[in-house]
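Enquirer: Now for the letters of each chain:
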Amino acid sequence: MKKKSHVIGKAAGMVLTMTIICGVLYTIAVTGISQLFFHDKANGSVIEIDGKKYGCELLAQQFTGDEYMWGRIMNLSVFTDQDGNAKMYSGPSNLSSKSEEYEKLIDERVAKIREANPDADTDKIPEDLVTCSGSGLDPDISLAAAQYQLPRIAEARGMSEEDMEAVIDECTTHKILGIFGEERVNVLKVNLMLDGIME
Amino acid sequence: MGNFWTDLTRSTLYVLMPLSLVVALVIASQGVPQTMKAAESVELMEPVAFDADGNYIENAEIDLENNIVTLDGEVVEDAQIVTEEIVPLGLAASQVAIKQLGTNGGGYYGVNSAHPLENPNWFSNLFEMLSLLLIPAALCFTFGREVEDKKQGVGCGLYGMLGFAILTVFIAGLMVGRTPEYLGKKIEPYEMKWAVLVCLATPIAILVFSGIAAIVPSVADSLNNTGAHGLSEMLYAYSSAGGNNGSAFAGFGADTPFLNLTLAATMLIARFLPITGILAIAGSMVQKKKLAVTAGTLSTSNGMFVFLLIVIVLLIGALSFFPALALGPIAEFLS
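If you read the protein sequences in the order shown, they are chains A and B. One point on numbering: in this note's numbering, the residue at position 47 of the first sequence is 47, and numbering is uninterrupted. One rule links them: number in this note's numbering = place in the second sequence (from 1) + 1000.
For reference, chain B alone in the conformation it holds in the complex (with noise of 0.2 Å):
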């Protein structure tokens, strides 16, 4: 199964830090920072007024001189008068191409890609969209490489997709009365129990904590958006927090004791269940004897076996939490 330290260290220096320097230089050559200096002031052409409690005063009169600002011609008392615009600068570059190639959310500036100096053109954004699917495309032909079977690798990817690969042999094995079989190893009740958690987890997870939160009264009080919209910052949440993700929905004030155990354990459960299960599925299965391929062995590299993996998949990992995530946006677009 391979050496921990020797993988840790190889992955990280053979390939993931040339990866990272490559990105991050690309990227500052397009206007990312990259400083020591953690931000900028620059001076605003036109001042802007603000009232005592911080809320921006349109239509305002500045008098720079006097330092009064009027409103409709009556002096607003207290108001701030700012003559700079902060530039957040710091070490941006480094850190948003590790972002982008561990395709993780929050980003350097908050709003991930949609800010100009995390984004700040065309080109870093074509650079920024291909640094995300590399690795996970790369790892396909990987896996492939790895067993020695080169169509293995299109078509399956992560950790996830061999769960889903082990319940497709199972219920194509079903189908056409074969015993099932990966690789050239059976699978048996065994693998099939952990296959099924490895699949089941995220979806569950996701599901049956957003349930609890949707009737929890406090919640309420952390979405910014009633109705639909609501619904699916709540959702989108616990889908970020179970997907290895790191965004939140925007306005979602996930800093409440309730949403933060919740949330975490939605992170724990969807992450390290099906870990578990794969790696308690590769020791049973290695240390199982190789079966010869015969005539009776279903293959899982043809057309017929993509098309059944990618139905599954559907069918389980999509219809699982889909139709949910999907509530939100739909309603919202109907009324």
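Chain A extracted, bound-state conformation (with noise of 0.2 Å):
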């Protein structure tokens, strides 16, 4: 009976050293340095301007209007925080590619698409203008979809198509080295510079 208290307690110990190494002093360290060397990327990649939270960067917002770009589909909620303020979320659908409603939502989708864009340069819809992200909040589309959509922002705008060109080439990440990566157009970016809030 003495060995077994005696592991017991040998244990009980580990259980706690450990809890305050990995628990503890390794997320107060990791804390620590990435608010000293990565301030804003730790803080959730928020665009501030003039004191003002106009987004993050990283998460996408949901566009309609014709003078703004449109992202992925997003699937919306709404859920309200502690302080009793309604707040907007997105997350995935989690359909099958197979199934009859998604058939019908993609058809829905594409329609509304080529409604929004008469002047569109082709009649094939980037696909990732029509199908929602894994997440439901990728931030980004490919340069074809944000192309795809520049005659019918310029012409709600009253700018050139060289202006509105300027602007998508602007938030453009391009592949590093040519493999890693994909061309992507941040939306949120080019929504934020099309109002002039972003310069």
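The hints are simulated quantities; they were obtained by calculation from the structure and are not laboratory data. For clarity, every value in this text was computed on a predicted model and none was experimentally measured. Ideal Cβ placement from N, Cα and C applies to all residues, glycine included. Any given hint might turn out to be false.
Restricting the straight-line Cα-Cα distance to at most 20 Å, the calculated cross-link-like pairs of lysine to any residue (SDA-like) are [what the hints assert, rightly or not]:
no., chain 1, residue 1, chain 2, residue 2
1, A, K52, A, I33
2, B, K1193, B, S1320
3, A, K175, B, K1193
4, B, K1288, B, E1188
5, B, K1185, B, I1062
6, B, K1290, B, M1192
7, A, K87, B, A1079
8, A, K87, B, S1011
9, A, K104, B, Y1056
10, B, K1037, A, K175
11, A, K98, B, S1320
12, B, K1037, A, I33
Per label pair, the in silico range of CB-to-CB distance [stated by the list, open to error]:
no., chain 1, residue 1, chain 2, residue 2, range
13, B, L1327, A, M159, 29 to 39 Å
14, A, G196, B, F1258, 56 to 66 Å
15, B, N1260, A, D81, 25 to 35 Å
16, A, E199, B, L1130, 35 to 45 Å
17, B, G1253, A, G51, 41 to 51 Å
18, A, K104, B, L1133, 23 to 33 Å
Now that you have both chains on their own, put them together as the hints suggest.
Expert: Set out below in structure tokens:
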């Protein structure tokens, strides 16, 4: 019996020590270093201009107006935080790609995109405009999807297509060394620049 | 066999902790949040409207000043206008690092590395994939060094693989009429019985419980999709529980008494039975005398053995539940 209680005491001590080292010290170290060296990134990459928080660079927002660039399909939900304020969030759909429900949804989205972009360059719709991302929150679209919407936005805003092209160009991230990543356009940044909020 | 306390302390403090620290800092530098603040609220450029049930109203006309939502010219009663988006923060980077290195699932924001805040760009993606594979791949070499035969390491890995290695030695030994031995120790009925249990515990637990779940009527309510996709949802839940994983096929409502109990049972059987088996084999083999390597010894480090091992793994491990798992996606593709 003496041996058994000895092991239990040792085990309890181990759990306590490891909890303090891994649960507290490790977390404090990572938080401290991140806050010191990557302050903006570690706090959610929030776009803050003149003290106002205009969005998160990494999270999509819903855009429906003709004068704005549209992003990936979102499944919006609303919830109330502890202060009683209503907040928007989004998630994935989890529908089987073979289900009738999904087929119907895609048909509706295609019809909507076609109708909204009568002057688009091509009849082939970039697929990222009618599909939801894995998180429902991806902030980027392909360059093709951005250019597809170019005529509509330029007309709605009465600006030249060249100026519009320049804005898209400014918000495009290119492949690194030609292989890493995808060429993509940050939708929120485009719209902030179009509204003149972001330089 | 080593001292438990020494092994636990060393593997945690010398291996897992420094690795986690590096991974956490690298992904935090790419945009994974690491802050004591739980969430941040940001302004929406375009306000959105929801009906009384919390469903998003598409094509709604929003009058912010008067707080009125109209749809096709009609006012929507009890509609809610939302002007802010939530940005979930928290101590994500430090947890995601541990999750990646431990090959766990779920993730900090629920959808694993599909979430932009958990995996912001191509570099974090590459880095997170590498950190998943790092320890399992390194363990092969560790094992080779521990048994003082570097070639052993390349091709073997976790305890599960050791079970398969013993099984392979046995089957190969039977084929050529030699006494099966592994690392200079004889493999006898006692080891074989445990090795078979080690190899079969997971597939049997997954398949038997999935089979039972398929005929329990209440499970149908947990499925998000019907047909082949639904079968995959269910099988995935059991495979995930059995495979030391933490994820679920999104949309699967696993929180029912029946599913909770059977998933927990799968987890216990598929995890602890193999561990018990391997420890039993290790205990029994430690006590055996090491045999001299002769011309009659079946080598476990040449190409022939690797080939045999792969065939056995495919035969027993993959074929046992791969057909059932493949059924869903293939049926879905063909329909």
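Enquirer: Any of the earlier hints contradicted here, and which numbers?
Expert: 1, 3, 5, 8, 10, 11, 13 and 18
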